[in-house]
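Student: Chain by chain, the residues run as shown.
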Amino acid sequence: MKKNWWKIIAIVFVLYTIVAGFLVPVPAQPILHETIRNLYFHVPMWFAMMTILFVSLWNSIKYLSKSNIQSDIIATQAANVGMLVGTLGIVTGSIWAKYTWGAWWVADTKLNGAAITMLIYLAYFVLRGSIDEEQKRARISAVYNIFAYVLLIVFLMILPRMNDSLHPGNGGNPGFNNYDLDKNMRMVFYPAVIGWILLTVWIFTLRVRIEKLKRKKLFND
Amino acid sequence: MYEKKTEIDIVLEKYFSVCVDLKLIFVLKMLSNQIKYLIIKELKLELRNKYALGGILLYVVSTVFISYLSFKKIVTPATWNALFWIILLFASINAIAKSFITETKGRLLYMYTLASPQAVILSKIIYNSLLLIVLSALCLLAYSLFIGNIIQDLPLFLITLFMGSLGFSSLLTMVSAIASKAGNNFTLMAILSFPIIIPLLMVLIKLSKNAIDGLERWDLDYLTILMLLNLIIIALSYLLFRYLWRD
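Heads up: the sequence lines are chains V and E, in that order.
If you use our numbering, the first sequence corresponds to residues 1 to 221, in order.
If you use our numbering, the second sequence corresponds to residues 1 to 247, in order.
None of these hints come from the bench; they were simulated from the model.
Only a predicted model underlies this, so the values are computations on that prediction, with no experimental measurement involved.
Watch out, some of these pointers could steer you wrong.
[What the hints assert, rightly or not] Straight-line Cα separation of at most 25 Å, PhoX-like style, residue types lysine-lysine; simulated pairs:
id, chain 1, residue 1, chain 2, residue 2
1, E, Lys206, V, Lys110
2, E, Lys209, V, Lys110
3, V, Lys136, E, Lys209
4, V, Lys7, V, Lys212
5, V, Lys3, V, Lys214
6, V, Lys136, E, Lys105
7, V, Lys217, V, Lys136
8, E, Lys50, E, Lys14
9, E, Lys36, E, Lys14
[To be verified] The following label-pair restraints were derived from C-beta to C-beta distances:
id, chain 1, residue 1, chain 2, residue 2, range
10, E, Val27, V, Lys98, 38 to 48 Å
11, V, Gly129, E, Asn149, 38 to 48 Å
12, V, Trp105, E, Ala82, 48 to 58 Å
13, V, Ala107, E, Lys105, 40 to 50 Å
14, E, Ser116, V, Asp221, 41 to 51 Å
15, E, Leu130, V, Asn68, 50 to 60 Å
16, V, Glu133, E, Leu231, 27 to 37 Å
17, E, Ser32, V, Asn4, 34 to 44 Å
18, V, Glu134, E, Tyr238, 48 to 58 Å
19, E, Ser32, V, Leu119, 35 to 45 Å
20, V, Trp105, E, Leu130, 55 to 65 Å
21, E, Ser70, V, Ile31, 36 to 46 Å
22, V, Ala107, E, Ile25, 32 to 42 Å
23, E, Leu231, V, Trp105, 30 to 40 Å
All C-beta atoms, glycine included, are put in the ideal place defined by N, C-alpha and C.
With the sequences and hints as input, model every part of the structure.
Tutor: Set out below in structure tokens:
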């Protein structure tokens, strides 16, 4: 139980987010109105995705320096969970966009960034699928992971310079910046971010354990 | 603890620092030597079967001709620009995809015993840049012949093209090294390179659009970003290739 305190925090924070996220009053903003509550569900997904993809990158670097297959398992499962949260982020954003901007998908810098992230990691899985030998697969996909992640970060940094975003808080839209985000919303938003990130990490540790058990079974049979 | 340095200490320190310098110079000299010979090797191999080079050059010209026939006339600069870069992107992928495929297993093994991985990847990048510069020049020539030349600021466009060739070649060389380890098909090469080439492509399209419109002042910010992107890609290839090449 001592080791699992953070799982309890994850459950409590996510439950709190769901209850308080729908019940606590929010400031009335033009355009956004009640959809501002999506802040508690959509935005933390991207925080969680970047966190878990960083775990993946870190373990790819570790694999190249130590050649320990465990790092490869962690890197893959982290990328897997990253895709899961990324998909959830796109779905929550897409539904929200339908009711706020009037379309499921619009040409926006942040959407492009999200789409490219998904493409990169899908390519990563295709690359993994096309190599049979375990050590070779681990090594080569680690190289691609590092190469792609660095370029992705550079892209996410230069992208906002090229166009303005339609997102709330960007380009003069009302939204989540210092003036608009009031005390009530902060009280839900920060626990929401922590809760979703912890929940993601929990799913990730479970997947790593399952993968290890699978390999062990394969080894014993 | 803190003794005063004697004269002998100072002389010794100088001696060692000179030694370190000499070693660095020696290593760099060896690297540049290896790179030189590897590039000569690439050139010789390329000239030995000219049909591969001819094929890729013909690929560009035919693609431009097909676009010319399908588009008839291109009016908007944005379309002109986008089409040009898309043709060049596909031609570059085609040209570079073969850079690690053509190496036979025996030849690779022989190369491992002679050269360092850094020399191999840098020589490939330099050679492919030269190839792409020729390719993009030909592409521009054919494109302006058939579809028309609307560039108002040619120097900026040429600089963009040059930097673009450099960036494309370094990124695609690295990706082709990765793809060559994994079944080696063109599809893999394309899906691995498209998402990560987008930042480069967007900056290039932006800069060349400026050149087409003939803006008064050059956008130095974007030129710097382009330069930095190239540097990052080359540095990453330099660092990561050593984990790729040996099986």
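Student: Verify the proposed pairing of Lys7/V with Lys212/V, using a straight-line Cα cut of 25 Å.
Tutor: It holds: about 21 Å lies between the C-alpha atoms, which stays within 25 Å.
Student: Hint check: Lys36/E vs Lys14/E, CA-CA at most 25 Å. Holds or violated?
Tutor: The hint is violated at about 33 Å.
Student: Given the hint that Lys136/V pairs with Lys209/E, test it: the Cα-Cα distance must not exceed 25 Å.
Tutor: violated (42 Å)
Student: Is 27 to 37 Å a correct range for the gap between the Cβ atoms of Glu133/V and Leu231/E?
Tutor: holds (33 Å)
Student: Given the proposed pairing of Lys217/V with Lys136/V, does the C-alpha separation stay at or below 25 Å?
Tutor: holds (22 Å)
Student: Quick one, are Lys206/E and Lys110/V close enough, alpha carbons at most 25 Å?
Tutor: holds (18 Å)
Student: Can you let me know if the beta-carbon spacing of Leu231/E and Trp105/V is within 30 to 40 Å?
Tutor: Once the Cβ atoms are compared, 34 Å apart, the range 30 to 40 Å for Trp105/V and Leu231/E holds.
Student: Between Ser116/E and Asp221/V, does the beta-carbon spacing fit 41 to 51 Å?
Tutor: holds (43 Å)
Student: Evaluate the given range 32 to 42 Å for the C-beta pair formed by Ala107/V and Ile25/E.
Tutor: Once the Cβ atoms are compared, 52 Å apart, the range 32 to 42 Å for Ile25/E and Ala107/V is violated.
Student: If you check the beta carbons of Ser32/E and Leu119/V, does the distance land in 35 to 45 Å?
Tutor: holds (38 Å)
Student: Range hint 55 to 65 Å: satisfied by the CB atoms of Trp105/V and Leu130/E?
Tutor: Violated - the Cβ-Cβ distance for Trp105/V and Leu130/E, about 41 Å, lies outside 55 to 65 Å.
Student: So if I understand the rule, the pair passes when the alpha-carbon distance is 25 Å or less; does Lys3/V with Lys214/V pass?
Tutor: holds (24 Å)
The structure fails hints 3, 8, 9, 10, 12, 15, 17, 18, 20, 22 (numbered hints given earlier, in ascending order).
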